[in-house]
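If you read the protein sequences in the order shown, they are chains W and L.
Counted from 1, the first sequence has number 4 at position 4 by the numbering used here; the numbering is strictly sequential.
Counted from 1, the second sequence has number 307 at position 307 by the numbering used here; the numbering is strictly sequential.
Incorrect hints may have been included.
Claimed, not checked - Cβ-Cβ distance ranges computed for the label pairs, FRET-style:
id, chain 1, residue 1, chain 2, residue 2, range
1, W, Y72, L, K123, 42 to 50 Å
2, L, G122, W, G262, 49 to 57 Å
3, L, E217, W, W53, 42 to 50 Å
4, W, D183, L, P86, 48 to 56 Å
What the hints assert, rightly or not - In silico BS3-like cross-links for lysine-lysine, where the CA-CA straight-line distance does not exceed 25 Å:
id, chain 1, residue 1, chain 2, residue 2
5, L, K55, L, K14
6, L, K123, W, K290
7, W, K32, W, K290
8, W, K290, L, K223
9, L, K82, W, K290
10, L, K82, L, K123
No lab work stands behind these hints: they were computed from the structure.
Source: prediction; values computed, not measured.
Beta carbons: idealized from backbone N, C-alpha and C, even for Gly.
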Amino acid sequence: MPTSALRRTQRPGKLAGLSAAPDPQTSATRYKVTGIRVLRSEWAKFWSLRSSWITLGVAVFLLVLFGTIASYTYSPGVTTGGRPGPRGGSGDSDAVSLALTGVTFASLAVGVLGVLLAAGEYSTGMIRSTLTAVPRRLPVLWSKAAVIGPIVLVLTMIGALAAFQLGSPGLDGEKIALSPGDDGVLRSLAGAGVYLALVAVFGVALGMLVRSSAGAIAILVGALLILPGLATLLPDSVYDSINPYFPSNAGSAVYALHQSSGSLSPGAGLAVFAGWVALTLGGAAYRLRKSDA
Amino acid sequence: MIEARELTKRYGDKTVVDNLSFTVRPGEVTGFLGPNGAGKSTTMRMIVGLDSPTKGSVTVAGRSYADQAAPLHEIGTLLEAKSVHPGRSALNHLMALAHTHGIPRRRVDEVIELAGLSSVSGKRVGAFSLGMGQRLGIAAALLGDPAIVMLDEPVNGLDPEGVLWVRNLLRSLADEGRAVMLSSHLMSETALIADHLVIIGRGRLLADTTVDDFTREAGGGVKVATTETARLRALLAGPEVTIASSADEELLVSGRDAREIGAIAARHGIALYELTPQAVSLETAFMDLTRDVVEYQSAPAGAERKAA
């Protein structure tokens, strides 16, 4: 048979040196998937993409830039733009809320970062490699959340503090000026970091749930920015009772220095926003487990 | 070893894989053949747990894929579609996979060298050619030193040197005692590498055979021309011999090779004017087998012209 004859004679001798088998010490029963290793893998995956660095950089940059500018351009009596205060709020500024003007913009950036980390796997096909390496699947989702959360938490906390400090000279002599040692200042700045970390995890969950970057980003923007505005169309009584529970409103309560009327306390806001994130994560976990990749 | 038992996958009312059972054994190269759309890729996706079967089951080394403690060590996979983030370098892609199993950097460097990617391992995968992408996929498949290697259309996009490389590589993997499964829609290419053939069409098993058997069955026989057809016919007859007559003074004999026929004729003093082994290509045999189940059949060129 010409075919099999060919086949036999083509057996390579020189491949032996470059065998597909690793050298004996390397092999092989030690190979095993563990939660820590999946985490290690996701950590490496996060940092090995240029888009992660860029998006993260943009988030921190926006946070610092807008906070600093808002502080320098502040003049008493004029409400400085930025994050829309809850309806009924008097729009009174304080040094912290000025420093955190950039949170809304940064939240979009870190949300997109989360979406890209998750949905990017699907749009590129990387998910097939990922899930063949980790067929139990769920560790991938937890690891992505566990990687992006702390990274965003640390960097945006630093960013928030930087915005506050850089903006302080701009408020020198103003009535609203505060120092980091003042009551609640550090809690608020840290709260901004916690909020942004949760937004990033929210992005991961949305990305895993929707599996498309565009779709997940649309939902993210809708949930954080459009939903509260849309809700103003509701009758006042309904609006007033549900408004504080929208993701972005509950979230902004986390980093507000003073609890404004009609909004939640920082603790309650954190609980509500974390609830939204947990709900989405649950949906993402369900879809990841149940449906074909 | 891969064992598929009554594996079935339906999408809506379309059955992509239909009651498919087969075994991929260690030490052999199993060719997994079928026309486009036959369900090869879906079957492979089910083997590694990316898709879950509607019915039936498939196990890798006796266990379902999701229950493997070290899946990359059990089975290395190259899927047809690209499964790499284009923004990552080849090295970082392999490292990301290696981390999940605790595979050391040394092993990653080994497979990069094995796949001939050393000079481009730091480049973003998005800039890779189709062939380099295939090499990276094969490197990833070998990363965990797997007992089974499963490759979906591995020679797609490879240059002749690359095709030869894959052929030799798969052969040596099988000779090391690993189970090798590769899918293809090209019979001729597969026959050069494979020992065993699993042929499917429209998701159903058409043939589960060896390359040698398939080639023998496909063999086109020997054309013999002589004036004494009746006498020769009687002399050649035998239990596994079939003889057809394509024209006057012409016989088509299968079951005996040209040498035998010539010897018999000479012994009995029959003059032969022609004695030609008929080469039926494996490709033709494969197409005959799968003709009825081709999913996307092209109309014959003549018919198309008539219609136009």
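**OP:** Compare the distance between the alpha carbons of K55(L) and K14(L) with 25 Å, and conclude whether the hinted pair is satisfied.
**Re:** 14 Å, holds
**OP:** Below or equal to 25 Å on CA atoms is what counts here, so check K82(L) against K290(W).
**Re:** 23 Å, holds
Original post:
E217(L) and W53(W), beta-carbon distance inside 42 to 50 Å?
Top reply: Once the Cβ atoms are compared, 60 Å apart, the range 42 to 50 Å for W53(W) and E217(L) is violated.
**OP:** Evaluate the given range 48 to 56 Å for the C-beta pair formed by D183(W) and P86(L).
**Re:** Because 50 Å falls inside the window, the suggested range holds.
Subject >> Distance restraint between K82(L) and K123(L), which requires alpha-carbon spacing of 25 Å or less >> reply: Measuring from Cα to Cα gives roughly 16 Å; hence the hint holds.
**OP:** Hint says 49 to 57 Å; check whether the CB-CB distance for G122(L) and G262(W) agrees.
**Re:** 55 Å, holds
Original post:
Are K32(W) and K290(W) close enough, with their CA atoms no more than 25 Å apart?
Top reply: 24 Å, holds
Original post:
CB of Y72(W) to CB of K123(L), is that within 42 to 50 Å?
Top reply: 44 Å, holds
Original post:
Are K123(L) and K290(W) close enough, with their CA atoms no more than 25 Å apart?
Top reply: 35 Å, violated
Original post:
Going straight from one Cα to the other, do K290(W) and K223(L) come out at no more than 25 Å?
Top reply: Cα-Cα ~59 Å, so violated.
Violated hints for the displayed structure, listed by number in ascending order: 3, 6 and 8.
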